[in-house]
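Fit the two chains together into the complex; they arrive one by one in their own frames, and the hints show the way.
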Amino acid sequence: MTNDERRLRRKALVTAAICVVASAVLLGLLYVVGTHRCLDKTLGFGQETMVFLKNACEKYDRYEQGRKTEATHNLDAALESFSTFLPPDRVEVNDDRVEEYVHSEHLSGMLVMDADSHMTAHYDIDGRDPLMLWREELACSSVASMYRGSKVSYSTVVERRDVDFAVSVVPYGDGVALGYRSLAPEPADDYSYTIADVLVNNTFHQSPTVFVMRGAQIVSSNDSTVDIALARLLADSGIDWKDEGLSRVEYRGSTWYAVRAAYKDYRLFALYPKSEVMSGRISFITAGVLAFLVFLVVVLLVRIVADRRNLAEKDKQLGIINAISTTYESTLLLHLDTLEIEGINMSPSVAKIFAEHSEAYDFFATVCRDIVSPESREAVMELLDIKTLRDRMEGVPYLDAEVRDCRGTWYSLQVVPQRRDERGRLESVVVATHNISMTKRAEELSFQDKLTGLRNRNYLESLGDDLVNESLPVSVIMMDCNFLKRTNDLYGHEMGDELLRRTASVLRRAAGEKFVPMRIGGDEFLLICPHTDRESACEVVQDLRLSLAAASDEVLTVSASFGVATAEAPDYTLTEIYHIADHNMYQEKRKVHAREADC
Amino acid sequence: MNLICCFDEKSRVPRRIKRGAIVSSVLILLVAVCAVALTYTVRSSSTSSSEADKDLPVLKIGVTDNDPYVYIDTTGDYAGIDIDIAREACKRAGIKPQFVDISWNDRDRLLKNGDIDCLWCDYSPCYREDEYYWTEPYLTLTVSVATKKTSGIKSLAYLDGSKTVAVIAGSVSERRLLAGDLEFSSDVHVKSYGSAELCKAALVKGYVDCWMADVQSLDCLVAQYPGLYRVLADNVMTVDLGVAFKDGYEGEYVKNLNTVLFEMDRDGTIERIVGKYKARATTDGQGAES
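If you read the sequences in order, they're chains A and B. Numbering-wise (the working numbering), the first sequence opens with residue 1 and increments by one. Numbering-wise (the working numbering), the second sequence opens with residue 1001 and increments by one.
What the hints contain is simulated information worked out from the structure, not anything from laboratory work. Errors might be hidden in some of the hints.
[Claimed, not checked] Which residues of chain B face chain A? A partial, calculated answer using Cβ under 7 Å: (1) Asp1065; (2) Gly1170; (3) His1189; (4) Ser1192; (5) Leu1198.
[To be verified] Derived lysine to aspartate or glutamate pairs resembling EDC-like cross-links, with alpha carbons at most 20 Å apart: (6) Lys264/A with Asp1077/B; (7) Lys264/A with Asp1084/B; (8) Lys1278/B with Asp1084/B.
Even glycine gets a Cβ: it sits at the ideal position worked out from N, Cα and C.
In isolation and in its complexed conformation, chain B is listed as follows (with noise of 0.2 Å):
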């Protein structure tokens, strides 16, 4: 007789292996759990801006409220296609943007003053080429017309004396207008307005039969009320944009800015952005050409 039969003795060992295991895996769960509870609490933030650019030459940029080239996005920082292509060039160039938000009418003087060192927020050099000191075009806009669908007003050929055109005073569109080069009527009449925004409030009014402005601005309008605009298929004519110094100017900005806006235009780059903002004109739009 023997006693073997009375002890557990064979089980005792795959028992104690057993609740180890159970121990590591609650441990290992632990720890999961652990992981995934920061990985859910720790959020990286994207500094505003890092030390090195501390060191770097700054470029004052004036601007104004211009969507889609110029504007403030939700979070407060500047946006727009021009602000883009600025941050970029700047950042190629080795040259650190500061945005001034100023007034339009008082560009000139603060251009003089020093308070800004350039303009860049949808200017065109067309007419102005003696007045600024330009860089190389960087972007081409093209100008067309848009209208109420209920207009009646299908092309460029039935704008005639009996029908008003809105414009922004002062921009390369008005100024064609009024010289009648272009390839409508021009017993057309002309309604300057100090702003985009008068322009489209009176054409959304009925006080005007039209609105010119680069299709940038007009696609804007007719994605912020759908259904109710038609932009001409009928381009009237196109725009260079370009980056005005104060006329004199003599630094070393115009030249590193003409290279890389070279090199961004053959690179696609700047054609990267304006087509990210074409994106966005489906949800909202406003703005025009100066």
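So here's chain A without its partners, still in its complex pose (with noise of 0.2 Å):
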């Protein structure tokens, strides 16, 4: 498995693992805030509800202090009919009479009180005794003031005996008359106003059991089926009710959602089946994960049309890459820290090798040993040696080597980054052969000069400075052939060319392997001679004039003019020093003219 492959792999395995932890992470978010979201808008509907019932109690306690106010009003009146028509200073009050005044203005009972407080007249419609009965009323400071003559009267409405009366007293005399009505509920008409009709005629959110206690008891409900042991379930403080919120009761083994809030002395509660109240849920996670799921083809559609750009740009690349790769004998990849070599294109003798020897060291070696020319195996293992490739390419943009193989072709190493990681340091780097064989026979053929086989004047001008800083010191003679003209006019160009070609044979004699001979005009030919002294050039000078004159026949006479420069220290360049000897050869060449014209 390549590194790419792994990497691939392990971003898979990445992407695969982000994206179930993100999908766990999504819907457990979509739960809690889809759980919340239904119990806040229950708990909306909840208090839009408890208002409703607050101002419906709100209704109905107003409603039912008037129709007591009424009561008492119209018990009032009765009272005064009655002190008004029987006054005790002209009418003897007994229990008879008071009897017919209970029956005629349909009291419940009534009694009469002397200035000492002593009951002396009564009646009650069910036997029961008023004195008793409204003991705490007679005692109270209104009545005892109308003891004391204060023209003040008393009404009031009590539960006596699970029974609501409306009671007034008022001054009767010297003492009191207290009369009472029963409150009995009034039956239904288009005036009433009842809360269990508020709530069965109207219609609540989330369809929740609406219901109002006072103290433990049901006093009204939208639910028929409500019993006592809910009411009891909650009136007790085993709930948790919280403040601000949504209690959770559970009930017959139902999960309800309860809220609750008082009205004076009446309980006000709403129960929502879960089921209810969670009914948004599921349609809450559904739609985020659908919103989430657009978001991903939105992504993944923006992906894929970068990833097409990025393709697009990418085969570009490649096709360029193979484009230029024809013109490359070999291209492969080398990855720097695994040290595997992938072959792009490959000739076949490298091909044969790769196939056998994959391991870079090993292949290189083998390479070099195979295919590599003896003279250029220490350019290649220098140019490709791994461990220290890194540090040469720092600041570089490519490394190459001229070198050869065994059948003497010329190919150019090249070593190219190709790839570094995020900190920028080099991963794998292309190495790729490109043959320069007929760049390389075309620089020879520009450089030769090719009557005499010596190099040209382009050699000379393409030698750098180098040449002198190395090879100190350096000795250039200039030899410029005499008689070439006469020869030319004489005989013909064909043995004036002879000339030529005797004096290059002479020439590239006497330079051997260590001096650079050159032909660099029609009759002038140049010896750059590396660490060599004036003296030393000299001699090669007396040399070469004998082996001239060696050359010579009965026909043609070979001999030359020579100027001689030597450069021994840095100061100078290849030109000044070769204009030097160039002078220095005219000044001979004049003597021979002057010599000639002397004969």
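Set out below in structure tokens:
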């Protein structure tokens, strides 16, 4: 498995893990948020319901208070009428008269007290003792003040023996008269108002069970099946009521969410079944998941578009690489960390070695041994030294070397950076070989004089000044053939060319391996002598003179004028030395011409 | 010739860094979403009682529904001017208040039996100094008169023998009226009702001409029926409120409550509590001075 495959696999695993975790987190988040959203929604409905119930109770309370006040007012009127038409100073009031009056005025009972707080007459339709029944009312400060002559009447509504009574007390002579009438529930009519009607005739959101309690009793509910067990459960302190939220209630094996409130001594409750409360959760989660999927689809589409663009760009780059690769003999990818080699394109001989030696060191060593010429092996191994490759590639665009194979073919061996990690550390390089034999051959031809086979002036101009600095002392011998023009005129150009070829032959022999002979003009030759001082150069000139003389025959006289220049220090360029030698040569040439003229 | 131009080598590192930045941004976004969702989800719920309250001595306070001094709010808890003052005073005195809903007529029996320790419900020591053991007054109420705007009654001077005034039976207002020591005519008819609700209903139905009670209660009436009623600018009298313990009480509570109630009066706490309920009176109002 290659590095890239491992990287891709790791990336796929990480992506899958992130997807799984993100999905779990998303679902969890949607569940929690969905749950609280549903609870909040229900709480809102519950609070609305509580406000509605409170208003209903307030309206009912006002209605009830009005009814009670009306009852006390009517009772007051009845008692005023009694005291007006049966004044104690003129009429003897006894139990019979009181009974008659109670029946005629539809009272529940009545009693008359004298100035000493003794009951003088009384009647109760149910035979109750009114003195015991109204003991507290008769003792209150309002009634007490009536005995003292105050112009005051007293009315109230109280419960006695589970019956609500309207009670009124008015002054009667020196004592008081107390009448009472039970407040029986009125038959329902168009003007009556009951909480039960309000609850039953209303539709509440999420179908709660709504009811109103007073003490431990259920006053009204919109659900006829609600029983006292639920009322006791809600009145029980065991429920953890939340002041600003829904409270969870378990009742008959079901879960309910409850909201409560109070109005005076009424307790108001709304119970929402869990199924109703959480009905929106699934749709919320579904909507959330769908929204997320849409988001993912959009992201994927964007990604696909971006990938396509990248792919097109990479296709273009790959096309360029392939096009360029065809001009290379072999191209391969070298991973510097794993020492793996990937072949991009290879010559048959390299491919054969790669098939048997895929490890980098082994591969390069075998290539050097089997393909590279001996004189280039060191250069190849030096260029492909993997241990130092990273350091050598710092700050340079590429490395290269010109090497030859065993058959003498010239190649340019190139190493180019291919990939770096996040920190910029080189991970892999491309190694490529390019056949430069044609270039080398053209270069050779451009530097060669066709007639003599020596180097020409182009070669002289291509030489840098490094040659001078690295080979001190350097001597330059300038040589100009004598009698070339005369030979051409007397014997023709063929003989002139022969003169030049003989001169070149002498010069090549004198130069050997150490010196560089050149023909730089028509009859001008140059010999560059590295590591040669002036004295040695002069000796070379003497040898050349003798050798040229030896090359002469009866037809051709081979001779030349010489000029020598030597650079002992690196202060001179090759051009300057050449010009000095040229100058010296012309001085000798002028002497030769002078001698010819004398002859 | 070289291969440099053929590889996108230079752009690889920035592209990788860009991908890392995108992943980091997505993760940060996810964490932010989680944080927002959890903030949205987790709601703090106030606890009803603290553990520290468990060891405090308990003061059983007898109360009855009497808006705006004592009533049950929408959450089912006690609220009102007296409730807030009692809670704050008990907190400062190191006492745990326990409010007991009682039938007002049974107050003396419950106090005698020890079912409650005190009465703290808009109760005045006026005319009752000898009946209970009182704390120092913690609040002074102003008593006035409310009447229908159409009644023609514009001041206390209009209250004569042709007018009927509703009062709560047994209240200080009733006693002062019957004693005839108020600034207006003693000929006025007095109609005593057993509760503030009956007084209010009698005024609403037109059975009486006006209702005499503390200004707080009257303001509630005016707010409940906007534009129909007025509270006369003339103040009839002022009434002090106190906390009533049974006669002969020998405990420490009265002394401690006197101290903290004095502090609360001096630092403006009581004034702030009363002000809070004055603002509430604009929404609804019932009750009376007893």
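Status of the hints after comparison with the structure:
1. Given the 7 Å rule on beta carbons, the hint for Asp1065/B holds: about 6 Å separates it from the nearest Cβ of chain A.
2. Below 7 Å, beta-carbon pairs count as interface contacts, and Gly1170/B has one with chain A at about 5 Å; its hint therefore holds.
3. Among the interface hints, the one on His1189/B holds; its C-beta lies about 6 Å from the nearest C-beta in chain A, closer than the 7 Å criterion.
4. Taking 7 Å as the C-beta cut-off, the interface hint given for Ser1192/B holds, the closest approach to chain A being about 4 Å.
5. Because the closest C-beta pair between Leu1198/B and chain A is about 6 Å apart, less than 7 Å, the hint holds.
6. Straight-line distance between C-alpha atoms of Lys264/A and Asp1077/B comes to about 11 Å, which keeps the hinted pair within the 20 Å bound.
7. Distance check on the hinted pair: Lys264/A and Asp1084/B sit about 17 Å apart at the alpha-carbon level, within 20 Å; holds.
8. Among the hinted pairs, Lys1278/B with Asp1084/B is consistent with the structure: their alpha-carbon atoms are about 14 Å apart, no more than 20 Å.
Checked against the numbered hints above, the structure violates none of them.
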